[in-house]
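Participant: Sequence:
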Amino acid sequence: MSKTRRNFIKSAGAAGAVAALGGLGVARASASKRGSAAPCAVPQLHCIETGKNKAGKSVIVSKDAVHAVRAALAPGYEFYRLWGSDSAPALPSDGTPPAQPRYFPPKNGFRFGMFTLPPATTAAPAPASTPANIAEFDRLLPGMGGVLEPDHPGMHTTDAVDFDVVVFGEVVMELDDGAEVLLKAGDCVIQNGTRHAWHNRSSQVAMIAFSLLGAERKV
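If you're matching positions, the sequence shown starts at 11 in our numbering and goes up one per residue.
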């Protein structure tokens with residue numbers, strides 16, 4: 011790990027060092043300004059996977075519950091890495107999950123998943139950026155830390171076109187020069203490889219679902 015990256019994680023702490031699919035941001039509002047509403051709980055999620063059997067029939071391959079990835083350096087955030095591949099898919103498929111070694115896709119790869127942002131009213135103290143915590147972050151969310159900007163926590167840029175949908179809650183998307191837009195449940199974003207960050211300034215947890223399509227950046 012580079013010295014710059016290690017120093018960033020140490021100085022920004024967990025609240026400033028979260029990103030996702032497509033990206034993460036910092037909850038900056040205080041509890042006193044946001045009221046005392048209890049954050050809503052995230053329901054148990056399930057992912058249904060289909061495929062073709064040897065007889066050529068479409069079948070349900072899996073309908074298991076999916077479990078969130080949680081890292082000590084990102085308290086309150088939950089990441090669901092549901093599906094992805096580093097190359098274009100081929101059909102027919104028996105439903106075997108492709109490999110997706112890194113959080114963001116390479117050129118011609120794709121990712122599908124979800125992540126939650128904790129409410130501003132439940133901001134936790136920044137955990138210790140120990141070597142063990144840093145190693146855990148890199149193991150659970152490989153490649154995420156490398157795209158986060160040291161001087162602007164939460165801001166990141168990836169070589170991908172992102173299709174983002176707010177599942178529930180409210181999310182603020184920040185772009186260059188402080189430009190922001192408030193997104194509510196059902197709102198979507200087409201992120202064309204642009205620099206951005208996500209913020210949850212409400213008193214309720216928020217969730218974003220995303221599909222990322224790896225692209226080639228010419229400039």
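Hint data in this document are derived by calculation from the structure and do not stem from the laboratory.
Watch out, some of these pointers could steer you wrong.
SDA-like, lysine to any residue: derived pairs with alpha carbons at most 20 Å apart [to be verified]:
#1 228 with 144
#2 228 with 119
#3 194 with 169
#4 117 with 62
#5 64 with 119
#6 64 with 108
#7 117 with 73
#8 228 with 194
#9 228 with 157
#10 64 with 117
#11 64 with 118
#12 194 with 62
#13 73 with 119
#14 67 with 105
#15 62 with 118
Quick list of simulated restraints, FRET-style, between CB atoms [claimed, not checked]:
#16 63 with 138: 18 to 24 Å
#17 223 with 196: 18 to 24 Å
#18 177 with 203: 21 to 27 Å
#19 70 with 196: 47 to 53 Å
#20 203 with 69: 22 to 28 Å
#21 104 with 167: 21 to 27 Å
#22 141 with 68: 46 to 52 Å
#23 66 with 169: 36 to 42 Å
#24 132 with 196: 19 to 25 Å
Backbone N, C-alpha and C fix where the C-beta goes; we use that ideal spot for every residue, glycine too.
Participant: Which of the listed hints are broken here?
Facilitator: The structure breaks hints 1, 3, 4, 5, 7, 8, 10, 11, 12, 13, 15, 16, 19, 20 and 21; every other hint is satisfied.
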